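2 protein chains.
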Amino acid sequence: MGKEFVKSITGMDEDFAQWYTDVVTKAELIDYSSVRGSMIIRPYGYALWENIKDELDNRIKETGHENVYMPLFIPESLLQREKDHIEGFAPEVAWVTHGGDEELQERLCVRPTSEVLFGEHYKNIIHSYRDLPKLYNQWANVVRWEKTTRPFLRTLEFLWQEGHTCHETDEEAHEETVKMLDVYAELCENILAIPVIKGQKTEKEKFAGAKYTYTIESLMHDGKALQSGTSHHLGDGFAKAFGIQFSDREGNLQYVQQTSWGFTTRIIGAMIMVHGDDRGLVIPPKAAPTQLMIVPIAQHKEGVLDFAYGLKDRLAGSFRVGIDASDKKPGWKFNEYEMKGIPLRLEAGPRDIEQNQVIIARRDTGEKVTVSLDELESKIAKLLDEVQNNLFYKALKHREEKTSVALNFEEFSEKLNTNKGFIKAMWCGDQTCEDKIKEETGATSRCIPFEEEKVAAECVCCGKEAEQLIYWARAY
Amino acid sequence: MGKEFVKSITGMDEDFAQWYTDVVTKAELIDYSSVRGSMIIRPYGYALWENIKDELDNRIKETGHENVYMPLFIPESLLQREKDHIEGFAPEVAWVTHGGDEELQERLCVRPTSEVLFGEHYKNIIHSYRDLPKLYNQWANVVRWEKTTRPFLRTLEFLWQEGHTCHETDEEAHEETVKMLDVYAELCENILAIPVIKGQKTEKEKFAGAKYTYTIESLMHDGKALQSGTSHHLGDGFAKAFGIQFSDREGNLQYVQQTSWGFTTRIIGAMIMVHGDDRGLVIPPKAAPTQLMIVPIAQHKEGVLDFAYGLKDRLAGSFRVGIDASDKKPGWKFNEYEMKGIPLRLEAGPRDIEQNQVIIARRDTGEKVTVSLDELESKIAKLLDEVQNNLFYKALKHREEKTSVALNFEEFSEKLNTNKGFIKAMWCGDQTCEDKIKEETGATSRCIPFEEEKVAAECVCCGKEAEQLIYWARAY
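The listed protein sequences derive, respectively, from chains A and B. In terms of the numbering used here, the first sequence opens at residue 350 and continues consecutively. In terms of the numbering used here, the second sequence opens at residue 350 and continues consecutively.
Please note that a few of the clues may not be correct.
The list treats identical chains as one, so a pair stands whether inside a single copy or across any two.
[To be verified] Result set (PhoX-like, lysine-lysine): computed pairs, CA atoms no more than 25 Å apart in a straight line:
#1 Lys635 <-> Lys410
#2 Lys472 <-> Lys677
#3 Lys677 <-> Lys650
#4 Lys785 <-> Lys496
#5 Lys528 <-> Lys432
#6 Lys661 <-> Lys410
#7 Lys650 <-> Lys402
#8 Lys528 <-> Lys731
#9 Lys472 <-> Lys375
#10 Lys402 <-> Lys803
#11 Lys573 <-> Lys555
#12 Lys677 <-> Lys717
#13 Lys813 <-> Lys635
#14 Lys785 <-> Lys678
#15 Lys785 <-> Lys553
#16 Lys678 <-> Lys661
#17 Lys496 <-> Lys677
#18 Lys743 <-> Lys573
It is worth saying that the hints were derived from the structure and are not from the lab. Here the structure is a predicted model, which is why all the values come from computation and not from measurement.
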């Protein structure tokens with residue numbers, strides 16, 4: 350194997366950040382450009398995003414939502430309408446000040462999120478309870494002026510969907526907030542094989558302008574947490590700022606109750622850091638652009654390529670199948686598709702033709718099995734299921750091993766430094782304690798889990814009475 | 350029928366511009382916002398775009414292209430690398446000068462198109478003829494700082510796909526340019542029922558930085574032309590500006606040959622202006638978000654709603670079907686779905702139940718037919734085909750009636766003012782004549798058609814010898 354074909358990557362446990370950078374570039378998910386903090390999403394990365402997007406878009410439509418498209422730019426005065434919102438976002442927006450040679454009278458910000466645009470539109474189109482609920486979603490790019498960036502995890506620009514809905518009652522908005530968090534959680538667990546903790550953000554960590562924020566939190570290989578999707582009950586704050594009123598069933602004028610919820614290309618970063626290993630990416634079969642890659646062995650021998658292409662045609666209706674019949678050596682191809690995290694590799698050579706079989710290798714365990722052609726489809730389907738499940742349970746086991754309980758501040762710091770991962774600990778509800786923990790340990794409150802639990806009676810920080818358990822972690 | 354339900358629109362022949370505005374707003378395709386020159390694409394408009402996008406995306410993938418995503422921002426220095434390109438685009442770009450509170454050291458333009466970003470990336474990833482061709486596409490929003498704007502036709506921001514490819518030879522790039530123009534033409538004619546003229550742009554009208562530009566041109570109801578898709582052979586201009594070189598099959602270093610091609614939300618404006626009428630939108634069945642709308646008649650009577658929903662369930666697997674069982678009057682519903690251009694309306698009432706039939710009304714001709722339930726699917730399929738074909742041939746007939754030949758300047762002006770539409774006339778090839786025609790008549794050269802024709806031996810403007818026939822028109 351020629352040296353030019355070897356793509357070596359840094360070991361995960363040696364330097365996790367470098368490992369991540371190696372994987373995203375060498376698996377050809379992204380490339381850098383001269384645009385600071387932005388990334389080029391390459392064909393393989395974008396195909397992955399398209400799969401995730403299609404899965405989510407189907408779920409968004411099945412739950413009754415409609416897609417729309419809002420403008421990219423927001424006039425400064427519009428962004429300022431909701432006070433908490435502008436305070437939260439102003440420090441991180443990009444400002445357009447000139448169009449062509451002309452200086453603009455009012456600056457335009459490049460949308461960091463679109464609550465205010467939806468607010469203005471909803472005021473125009475909602476008049477009566479008959480107009481409700483309004484269940485809108487948009488797929489878009491957004492920009493946040495981040496200082497330190499990393500492909501997928503934190504970039505100046507990212508791709509996402511943002512749902513924005515209006516309801517008659519607080520209760521209905523609450524149900525929507527829960528429903529969409531459940532959609533995100535189901536997608537993460539069933540398609541991306543990423544186990545998540547569902548819960549509520551603290552006041553400090555909630556979305557700027559929301560009544561409350563629900564979140565799903567996942568845990569990466571290195572023990573850091575990653576916020577994987579959020580769903581906000583906005584109450585009537587934006588409705589009041591934008592005057593979105595309707596006559597209710599009794600003929601009284603009311604403000605609508607709103608929600609918003611978002612899911613981003615960030616999840617690709619989570620998928621990499623949850624499942625990847627020292628040989629590169631590992632992609633769960635349900636999300637994989639290619640589920641099975643056929644590599645002909647001794648392809649110069651008579652009949653091998655015909656056999657391999659025959660298999661591809663046979664399988665293409667049932668699975669996402671690729672074939673590499675290039676003149677590169679099989680060993681190079683094995684490395685390449687392992688780096689790219691393709692769930693199954695199918696090897697087919699002269700001996701296999703003779704014996705009416707193929708060899709299938711699993712990316713997740715490295716296991717190789719011989720499969721008779723008579724049961725090829727059923728065996729591949731079974732293997733793909735097994736890979737999908739194995740990835741999920743492996744990640745769940747890892748999260749459980751990396752979740753500790755802390756009863757006091759010393760224990761908190763010690764477990765955070767040794768075991769890393771999530772720390773479950775009680776909290777009095779006072780932001781001073783939350784701030785102190787962040788400042789002294791680097792851990793932030795990830796969420797108050799929906800599955801209530803009580804591991805002690807006192808706050809892990811101040812020792813005062815505490816009712817709430819929090820998942821804490823250092824986070825991306 | 351209550352007055353509040355009536356959505357009246359301006360007559361097409363009374364004030365075509367106002368008719369257009371009425372249609373896009375009252376059919377709920379778009380809404381305005383406080384963002385100058387931008388539009389909100391509402392659910393019905395976006396569903397239409399999603400259908401067009403899916404059709405085109407399938408064709409782009411079937412022809413071997415891969416989707417990628419490039420950054421939204423372009424540093425000023427990068428945009429300036431290709432001289433003709435920056436000259437063409439600089440007057441119409443939006444500039445970001447601040448990120449948060451900080452003034453940027455280098456301004457960033459919001460992409461008006463992405464040739465330079467692809468150029469930089471291609472330099473990184475192309476080294477050998479083995480890396481070619483590279484066939485990339487992206488779906489994105491772009492911004493052009495237009496002074497006068499109109500929904501879909503000319504907006505500050507629009508949605509599009511932009512293909513960017515690299516090839517070994519000039520000939521291959523030429524084939525790609527032709528192939529993608531053909532894809533656009535086929536989509537316009539077969540899905541959107543818009544007949545197009547294929548041809549080449551003059552030097553004056555070609556894309557900034559291209560070797561040559563191919564275009565498809567269509568004709569609107571009011572006799573103005575609309576450029577409906579363009580495909581550019583870029584030659585090696587960008588390759589030289591960005592240093593995109595490869596070692597060829599003989600081991601020599603060569604510059605790649607490139608193409609780019611784009612298709613935008615503008616086509617929705619074309620669809621409206623080609624097929625619409627005084628009752629509103631008319632959408633070709635293959636592009637329609639809803640192909641058939643069921644309107645129950647006397648729905649308070651026993652069995653009617655069950656019957657109507659039964660039909661919906663029966664048809665939903667074969668067609669895109671809607672049902673309106675709201676308490677609005679049938680007359681209101683008829684108007685509403687005519688305004689929205691839904692190809693077929695199915696009326697189902699007590700008499701129909703008795704007689705095992707339904708009434709189907711065509712949006713394009715107003716014709717009503719009684720259809721037995723025994724042949725419902727086949728009859729609907731046939732009607733949808735007929736509507737699709739009728740729209741295409743009606744548009745083709747209109748274009749033919751609005752296409753004149755002019756042999757001299759007086760005839761040119763006269764026919765342009767009376768018959769409007771396309772003028773076919775000879776041109777000497779001199780830009781002075783092209784400029785003069787534009788200045789004195791408002792018509793621009795739309796294209797030199799691929800189907801060559803010679804209607805005279807002299808230039809329509811200067812009377813000198815002329816070889817090329819041009820389609821001229823006033824245009825959107």
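Quick rundown of the hints versus the structure:
no.: 1; hint: Lys635 <-> Lys410; result: both (19 Å within a copy, 21 Å between copies)
no.: 2; hint: Lys472 <-> Lys677; result: between (61 Å within a copy, 23 Å between copies)
no.: 3; hint: Lys677 <-> Lys650; result: within (15 Å within a copy, 72 Å between copies)
no.: 4; hint: Lys785 <-> Lys496; result: within (24 Å within a copy, 53 Å between copies)
no.: 5; hint: Lys528 <-> Lys432; result: neither (28 Å within a copy, 53 Å between copies)
no.: 6; hint: Lys661 <-> Lys410; result: between (33 Å within a copy, 18 Å between copies)
no.: 7; hint: Lys650 <-> Lys402; result: neither (42 Å within a copy, 44 Å between copies)
no.: 8; hint: Lys528 <-> Lys731; result: neither (31 Å within a copy, 41 Å between copies)
no.: 9; hint: Lys472 <-> Lys375; result: between (48 Å within a copy, 17 Å between copies)
no.: 10; hint: Lys402 <-> Lys803; result: neither (37 Å within a copy, 51 Å between copies)
no.: 11; hint: Lys573 <-> Lys555; result: within (19 Å within a copy, 53 Å between copies)
no.: 12; hint: Lys677 <-> Lys717; result: within (22 Å within a copy, 64 Å between copies)
no.: 13; hint: Lys813 <-> Lys635; result: neither (47 Å within a copy, 67 Å between copies)
no.: 14; hint: Lys785 <-> Lys678; result: neither (57 Å within a copy, 64 Å between copies)
no.: 15; hint: Lys785 <-> Lys553; result: within (13 Å within a copy, 66 Å between copies)
no.: 16; hint: Lys678 <-> Lys661; result: within (19 Å within a copy, 56 Å between copies)
no.: 17; hint: Lys496 <-> Lys677; result: neither (42 Å within a copy, 55 Å between copies)
no.: 18; hint: Lys743 <-> Lys573; result: within (16 Å within a copy, 63 Å between copies)
Violated hints for the displayed structure, listed by number in ascending order: 5, 7, 8, 10, 13, 14 and 17.
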